[in-house]
Amino acid sequence: MEPAPAKAKPQGRLLVSTPLDAKDELEERLERCVGIVQSLTNGLSEREANDALTANVCKGQQQHEEVCLGLFTLVLTEPAQAQRCYRDLTLVNRDGMNVVLVKINQILMEKFLKLQDVPRTQLVWLVRELVKSGVMGADGVVMTLLKQIAASSTSCWSRSISHYRPFTWVLKSGMLIAMSVYTYLRLIVDHGAPNLLPLRQKEVDFCISMLREKFMECLIIGRDLVRLLQNVARIPEMELLWRDLLHNPQVLSPQFTGVLQLLTARTSRKFLACRLTPDMETKLLFMTSRVRFGQQKRYQDWFQRQYLSTAESQSLRCDLIRYICGVVHPSNEVLSSDILPRWAIIGWLLTTCTVRGQGLRWSI
Amino acid sequence: MATPSNETLFLIKDVKPGSKNLNIVFIVLEIGRVTKTKDGHEVRSCKVADKSGSIAISVWDELGSLIQPGDIIKLTRGYASIWKGCLTLYTGRGGDLQKIGEFCMVYSEVPNFSEPNPELLAQANQQNKSGKPDQNQRGNSPPNQNSGNGAMPPFANNNNPPSGAPRDPAFGNVGRPNGRSPGNGAPPVSVSGPPAAAKSSVTISNGRDPRRAKR
Numbered sequence: 001m002e003p004a005p006a007k008a009k010p011q012g013r014l015l016v017s018t019p020l021d022a023k024d025e026l027e028e029r030l031e032r033c034v035g036i037v038q039s040l041t042n043g044l045s046e047r048e049a050n051d052a053l054t055a056n057v058c059k060g061q062q063q064h065e066e067v068c069l070g071l072f073t074l075v076l077t078e079p080a081q082a083q084r085c086y087r088d089l090t091l092v093n094r095d096g097m098n099v100v101l102v103k104i105n106q107i108l109m110e111k112f113l114k115l116q117d118v119p120r121t122q123l124v125w126l127v128r129e130l131v132k133s134g135v136m137g138a139d140g141v142v143m144t145l146l147k148q149i150a151a152s153s154t155s156c157w158s159r160s161i162s163h164y165r166p167f168t169w170v171l172k173s174g175m176l177i178a179m180s181v182y183t184y185l186r187l188i189v190d191h192g193a194p195n196l197l198p199l200r201q202k203e204v205d206f207c208i209s210m211l212r213e214k215f216m217e218c219l220i221i222g223r224d225l226v227r228l229l230q231n232v233a234r235i236p237e238m239e240l241l242w243r244d245l246l247h248n249p250q251v252l253s254p255q256f257t258g259v260l261q262l263l264t265a266r267t268s269r270k271f272l273a274c275r276l277t278p279d280m281e282t283k284l285l286f287m288t289s290r291v292r293f294g295q296q297k298r299y300q301d302w303f304q305r306q307y308l309s310t311a312e313s314q315s316l317r318c319d320l321i322r323y324i325c326g327v328v329h330p331s332n333e334v335l336s337s338d339i340l341p342r343w344a345i346i347g348w349l350l351t352t353c354t355v356r357g358q359g360l361r362w363s364i
Numbered sequence: 001m002a003t004p005s006n007e008t009l010f011l012i013k014d015v016k017p018g019s020k021n022l023n024i025v026f027i028v029l030e031i032g033r034v035t036k037t038k039d040g041h042e043v044r045s046c047k048v049a050d051k052s053g054s055i056a057i058s059v060w061d062e063l064g065s066l067i068q069p070g071d072i073i074k075l076t077r078g079y080a081s082i083w084k085g086c087l088t089l090y091t092g093r094g095g096d097l098q099k100i101g102e103f104c105m106v107y108s109e110v111p112n113f114s115e116p117n118p119e120l121l122a123q124a125n126q127q128n129k130s131g132k133p134d135q136n137q138r139g140n141s142p143p144n145q146n147s148g149n150g151a152m153p154p155f156a157n158n159n160n161p162p163s164g165a166p167r168d169p170a171f172g173n174v175g176r177p178n179g180r181s182p183g184n185g186a187p188p189v190s191v192s193g194p195p196a197a198a199k200s201s202v203t204i205s206n207g208r209d210p211r212r213a214k215r
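Top line first, the protein sequences correspond to chains A and P.
Just so we're aligned: 296 in UniProt numbering is position 296 of the first sequence, and the numbers increase by one with no gaps anywhere.
Just so we're aligned: 89 in UniProt numbering is position 89 of the second sequence, and the numbers increase by one with no gaps anywhere.
Incorrect hints may have been included.
Unchecked claim - Distance ranges between label pairs, derived from CB positions:
(1) 108(P) <-> 44(A): 55 to 61 angstroms
(2) 136(A) <-> 42(P): 20 to 26 angstroms
(3) 209(A) <-> 42(P): 40 to 46 angstroms
(4) 118(P) <-> 292(A): 29 to 35 angstroms
By construction, these hints were calculated from the structure, which means they are not laboratory data.
We treat Cβ as the ideally placed atom computed from N, Cα and C, and that holds for glycine.
Please put together the full structure from these sequences, using the hints given.
Okay, here's the thing in structure tokens:
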């Protein structure tokens, strides 16, 4: 029996792919747009190229989209030209960068794990530029990016982009401040290993500065902030913060009346969800809405293999349980059907944990 | 039965020995061990399923090493024949296996359409001494089978009892990207104690009808 020859598939510039993967439509579309931009500007001087792009953009919405996405993709794939392409993009764009933001969101939600290294670094750079330029809607994109960072906290990649941490560019939005503090307070707990301590210090410094200078924005988090702070209370700077929190709340903010105020504030679902990557959410939601009770074993095994197989990832279980309790609210229809119930998933998460006891905070 | 058009999607339950031009979307349940063929190729037998049941597919070389349990794959221009008494899918010439997603597909493991069928095995042993299906790549089944899609060997009764023995428990062990580290190939930490089966042994009462819990 002779095997059929495997179809040769050229590697794209954006995503990592194997011969098994189907062609990615998004990648194909973006690369087509690059082709369009390059054909418009080939051999022209900078000024002539700019004119050509502008002229094309004015022809219609489709041409506008093609040029913007082509320039956007060049920013991702050609670091040497990124500054220039970004500048061109800001000059020709006519919709407040919306077409680009939508694509970035799509990449962050669906393709992030498959991005090659260069495009991934470039994407973070681009997001930072968009925020710095005050582009409306950029903070939404930052939140999605934060989710991806948060959930891949121990990856080498996460460490290497530590200098891209949203320190100053976050200050523009109260929600962003709250999200970042929530994310990094959570990450601090995972970064206790000796080789991660410099990273952890940066995170601590960031959180402390936000908590001391922008406390009312951090208050948006709600009562979960207390839980997060409890988990890091032994760190010296945090200990000092706790003293003020308990005995001297006015120091943090004149409007802050004390811990009780914090404890009575509900925490939005958005925060519970931010420790999960879009992919984790998709899979959990699939399990709680489509998988029948009794059929869940393989899905559990696959999820476990992908996300819960390392020692560091065991702390993710708490976040998953919190998510299931706080964010997953099946309809009555689903509840009364034979779809996998939430208590079964929680049971699975609890009983398959490989780390016993210490370091693991199960308080929900 | 006329050859189906290239776009028609089949269900696994409709696959018969000699079926050709099969386009099927399935999810991968298990990857079998690698075996080497006489001409140096690697073959893996994988258990795959859709909502109508499960079946075995043989995958060669590189594609076989890339496939992971949980992958949702579209087979185009596949064919089916009997290999050692079991109905098996193959990728035909001009056909392909493409991963189009992962995890989010509902499936039924039973019936297992690759259940060994003793009648067919006996037929195969009688008429085909080498034990190999036809070398013809267009996917004609071994000489003893009827060619074309119309014939229905007795095996085709789709209500075989589910297989008690799993085909091959050896799982593919390559890590899937999870954002944790690039190319995470670390072997999974072994779980101490049995995983929560959440089957009928559960006695937690949550006020729901216990009859529904039994599956």
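request  = Hint by hint, work out which the structure violates, then give me just those numbers in ascending order.
outcome  = 2, 3
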